[in-house]
Amino acid sequence: MNVFFEQFPVVFQALNVGFLQTLKLFGITLLGALPLGLVISFGSMSKFKPLSAVVRTLVWIIRGTPLMLQLLIIFYFPGLVFGKQLWGGGEGGRFFASAIAFIINYACYFSEIYRGGIQGVPHGQQEAGLVLGLSRSQIFFKVTLLQMIKRIVPPMSNEIITLVKDTSLARIIALQEVIWAGQAFMKGSQGISGAIWPLFFTGVYYLAFSGILTLLFGWIEKKLSYFKA
Amino acid sequence: MAILEVKNICKSFGRNHVLRGIDFTLEQGEVLSIIGSSGSGKTTLLRCLNSLEFADEGQIVVSGETIFDAAVNKRPSEAQLRQKRLHFGLVFQNFNLFPQYSVLDNVTLAPRLLKKDSREAIEKYALELIDSVGLKDKVNSYPCELSGGQQQRVAIARALAMKPNILCFDEPTSALDPELTGEVLKVIRSLADRNMTMIIVTHEMAFAHDVSDKIIFMDGGVIAEQGAPDILDHPKSERLQAFLTSF
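Residue numbers (this note's numbering), protein chains in the order written: chain A, 1 to 229; chain B, 1 to 247.
Isolated chain B (complex conformation) (with noise of 0.2 Å):
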């Protein structure tokens, strides 16, 4: 069984649709990465998967279990959209950390916060997920003390804690300059050799060749192109090779 089956998600904005009918599946352990143009609609997918945006029509099911269904009108109370919320760990552009916490805490607030386990479990899992993104050293630094691709390595690591069936990243390595994002993409491609579900947004293209299983390209709402990462040698739309072209 598929670990996530999405079916014909649409979303509008007002006037402004911005998802169209996007259809695919993905298996535990694959790696799915999302590319396109800015406004394709990839953030907003992303966005939906995570319940931090609401889609209009469509079905997201996870390892069997339907976790958001547009026909169904009730909304979902704040306790049931948290639990579905848990099945997704979502690392964003901007990073967010918690400014206010060092790198352990930001590991370990949800945790704590969500009695996930005892207090030394937590922290001993958040010590061997920050030594793991090759941050031992800062375990005690704040934020603002950090580079950018530590932060994000902190953030990966933040969203690990929560143990997500399917972790999810939106453009992180497009707040970086470009010396700093092989050490995030080389976080993420350790995630994939230890068989990580993930579905990563991305404009690094040879990253996404690399590491993906499958390559769905977006352009205009709905999913242009879709397959294994040689579609990227050689496309076969028009609007994929375009796009390819502006690299």
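Here chain A stands alone, though its shape is the one from the complex (with noise of 0.2 Å):
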């Protein structure tokens, strides 16, 4: 008992530096993948075939193979096919190339959310804007999109709570994230060596980030539970 108090603040200040890895991660990558999910599921839905013909296929090989594989594609095919890293080195093009990997996944996920949330909004809604002389950007922003997000919270936060655990998957590429800065304590870090408990130790961080996610999505759904869609 004496050594893990010996070696908590060690690891406890790596841990955290880990984490805020994780959580740059994260945040980065629902910036990116929020909006490019909704232009993606508006290409999926496009009257022009081809348009949506290509961005369906390029959401079925998204959702259809692994996040790990494309982290690994995308961070060393650029390096393979044309011999040259694109990425730039060390922690900052490992972080560039898993926030593009993230990104593009997360965002084909997004989009199908969207696109239900879109598609279920009633047709009546769209028609009754029209005939009050609405402009489709109008109906869209003033009528549709409120209904739209009340219905996909519950599918999002599910996903959303997903990706904060889906984010350990960038230590394949050796992003140092905290699953990462964890595992470093096995091997031996900072004079510690041997030591699994770290490792485990880590989803006490996981567990406390989902559950302020958890509370904060169920406030929103509280929030927007005054009128039914």
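Derived from the structure by calculation, the hints contain no laboratory data.
Calculated lysine to any residue pairs in the SDA-like style (CA-CA distance at most 20 Å, straight line):
no.: 1; chain 1: A; residue 1: Lys228; chain 2: A; residue 2: Arg151
no.: 2; chain 1: B; residue 1: Lys115; chain 2: A; residue 2: Ser137
no.: 3; chain 1: B; residue 1: Lys163; chain 2: A; residue 2: Leu130
no.: 4; chain 1: B; residue 1: Lys116; chain 2: A; residue 2: Ser135
no.: 5; chain 1: A; residue 1: Lys228; chain 2: B; residue 2: Pro99
no.: 6; chain 1: A; residue 1: Lys142; chain 2: B; residue 2: Tyr142
no.: 7; chain 1: B; residue 1: Lys115; chain 2: A; residue 2: Phe140
no.: 8; chain 1: A; residue 1: Lys142; chain 2: B; residue 2: Tyr101
no.: 9; chain 1: A; residue 1: Lys223; chain 2: B; residue 2: Pro99
no.: 10; chain 1: A; residue 1: Lys222; chain 2: B; residue 2: Ser102
no.: 11; chain 1: B; residue 1: Lys115; chain 2: A; residue 2: Leu130
no.: 12; chain 1: A; residue 1: Lys165; chain 2: A; residue 2: Ile212
no.: 13; chain 1: A; residue 1: Lys228; chain 2: B; residue 2: Ser102
no.: 14; chain 1: B; residue 1: Lys186; chain 2: B; residue 2: Met196
no.: 15; chain 1: A; residue 1: Lys222; chain 2: B; residue 2: Ser141
no.: 16; chain 1: A; residue 1: Lys142; chain 2: B; residue 2: Ser141
no.: 17; chain 1: B; residue 1: Lys163; chain 2: B; residue 2: Gly64
no.: 18; chain 1: A; residue 1: Lys223; chain 2: B; residue 2: Glu145
no.: 19; chain 1: A; residue 1: Lys142; chain 2: B; residue 2: Cys144
no.: 20; chain 1: A; residue 1: Lys228; chain 2: B; residue 2: Val139
no.: 21; chain 1: A; residue 1: Lys223; chain 2: B; residue 2: Ser141
Away from chain B, derived, C-beta distances all over 10 Å, residues of chain A:
no.: 22; residue: Glu6
no.: 23; residue: Lys24
no.: 24; residue: Leu31
no.: 25; residue: Ser46
no.: 26; residue: Leu58
no.: 27; residue: Thr65
no.: 28; residue: Ile73
no.: 29; residue: Phe77
no.: 30; residue: Leu86
no.: 31; residue: Gly92
no.: 32; residue: Gly120
no.: 33; residue: Val153
no.: 34; residue: Ala208
no.: 35; residue: Leu213
no.: 36; residue: Phe217
no.: 37; residue: Lys222
Where chain A lies over chain B, by a calculated footprint (3+ residues, C-beta under 8 Å):
no.: 38; segment: 85-93
no.: 39; segment: 110-120
no.: 40; segment: 135-148
Every residue gets a Cβ at the ideal spot worked out from N, C-alpha and C, and that includes glycine.
Bring the two chains, given one by one in their own frames, into a single complex with the hints.
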């Protein structure tokens, strides 16, 4: 037990640094994938058939292959083909490649959630807006959007909580996120080696963070419960 | 001059000829009821008037201005379409209120977005309209808190807020329980008393008889019989006779 208390400050410090990287990847992914997903969903619903076919194929490929594989391909492929490391070296380059892979992957999942949300709003809402003389964009932003958001909050919260834990996959290209930081103490780091408890302890970080998100999404759902869509 | 002239409107969906040459005129302040069995083309006709569908043939003229002519190939721009739509208001069978907005906001949303007037003036007029449909105490309620009849009355106020020349009703009471039908019909009747020009697609024969200046009976995409409300008492065509006995 004494060993634990001796190791804790060092480990805690290292895990915090790792978790900060986890949070960064999580935040950047949301920032990129939330809007990109909307663009992809419009693409997949496009009446212009070639566009919707291309977009749907992309969504199929991204959703049909493991994210871990996509991370490896995006990180290594440019170097193999162009003989040049596109992402830059070091932790910055690994983070950049991870962010690209996560944004594309999550945008595709989000796009399907958006599509369900948009198509779930009754067509009558659109027509009611049209006969009142509203433009298509007014109808989208003032009539449809909030009803769509209300519909997508539960599936979205599910996906976003999955993202918290999926960030650990970036370890495959040696991104130094929290699991990587925990595992380092098994091999040996900062004078501690053969300790497996730091790895197990990373679970606390994930639990705490997904707990906060659960509360947040519960609050949003409650905020939107004043109307029935 | 007639406020509305509908000339030879034809509309098909694929091989299904829904409208096969509809002609009628409507004078300012008149109430026209359109009756007929399901699938006779009544709703499609209303949707053509409101530019939600585009007829394959024919013309629609409002107060002398041709707002639709199938012979003109060029599709109107979205801005032009929006202008044309504003001649008409449409009250839907399923109300289609905006669920996230209060009664007042449902009524004021379109006039505010289209900047019809100052915010205060829009709100004042909306409150008058809401009062006139008997929902003064529900101004801040949300659609999910209202009965079907109340929702439909809000929908009527919402359509009136854009001050349409002609107000169309697509089976306004078909989604309502019989005991709620009366309150909606009362509102429509009061509009008729105030000389609102209206086109009402309905299955309420007694109401159509009372409130209308003119009745059109549609069957198989054509007007099978039209005239004053007493055609309901003394139908000439066999098809109208058969239709009326089904009630």
